[in-house]
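Participant: Heads up, the sequence shown is in numbering that gives the first Met the number 0, so the first residue is 0 and it goes up one at a time.
Incorrect hints may appear among the rest.
[What the hints assert, rightly or not] Distance condition first, Cα-Cα at most 25 angstroms in a straight line; then the derived DMTMM-like pairs of lysine to aspartate or glutamate: (1) K109 to D141; (2) K109 to E79; (3) K89 to D103.
Honestly, the hints are just simulated from the structure, not real lab data. Nothing here was measured: the structure is a model prediction, and the numbers come from that model.
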Amino acid sequence: MARVTAGRGGYEPAPFDVVEASRRVWLSQWNEEAASGMAVFTAILRSFQLLNDEVNRVMARHDLTFARYEVLTWLATDPESSLTLSWISKTLRIPPATVTNVIDRLEQDKHVRRVPHPSDARTTLAVITPRGRRVATSATEDLNASVYERVGLSMDQRHQLTDLLAELRANGNEFDVDRSQEVIEELSARHDSPRAARARKRRADVA
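Could you put the whole structure together from the sequences, leaning on the hints where they help?
Facilitator: The following block contains the structure:
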């Protein structure tokens, strides 16, 4: 008898595809549009749960949550190594109160520090520390090797899935479709600027 080994997430594989079974039950009672929509939702949700379990295990090894890691990586890759708390909240879709809690914990762990904005006294900046940068780099290397590089899809499939989900997200008004490309180009130009290159060189020299 073949031995059933644990699948992703540590659970034993189910004896059947729950999404397909649910789709057929839905189709027997509702229409194709509802059944296929339910299948899309359930497939995304279950895939998220599988990958999220793996991501959380990696985060635990670095004493992080994904929310804290996400903030750290944005700070680590920013040319100024700093972002306003309002920008973090708006861009990462994290409620302001949660951003405050995340920054509190990162500050407690000496991964970031708060500083006043140089030109706006009402605004606070979160600035990554050298310790925070080291943690972000270590966690990212672990996450790449343990999860992102082992997603289980070919490169073409990854691009196709990302494009499909981008359309789903756009239809759900998650981002401004008309401005998205322009803003992405602005961010890329900022990261590729001579000033950003000098900042990266300074950090490399210190390391």
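Participant: Given the proposed pairing of K109 with D141, does the C-alpha separation stay at or below 25 angstroms?
Facilitator: holds, 21 angstroms
Participant: CA of K109 to CA of E79, is that 25 angstroms or under?
Facilitator: Satisfied, since the Cα-Cα distance of roughly 18 angstroms is no more than 25 angstroms.
Participant: Take a quick look at whether K89 and D103 sit within 25 angstroms of each other, Cα to Cα.
Facilitator: holds, 18 angstroms
Of the numbered hints listed earlier, not one is contradicted by the structure.
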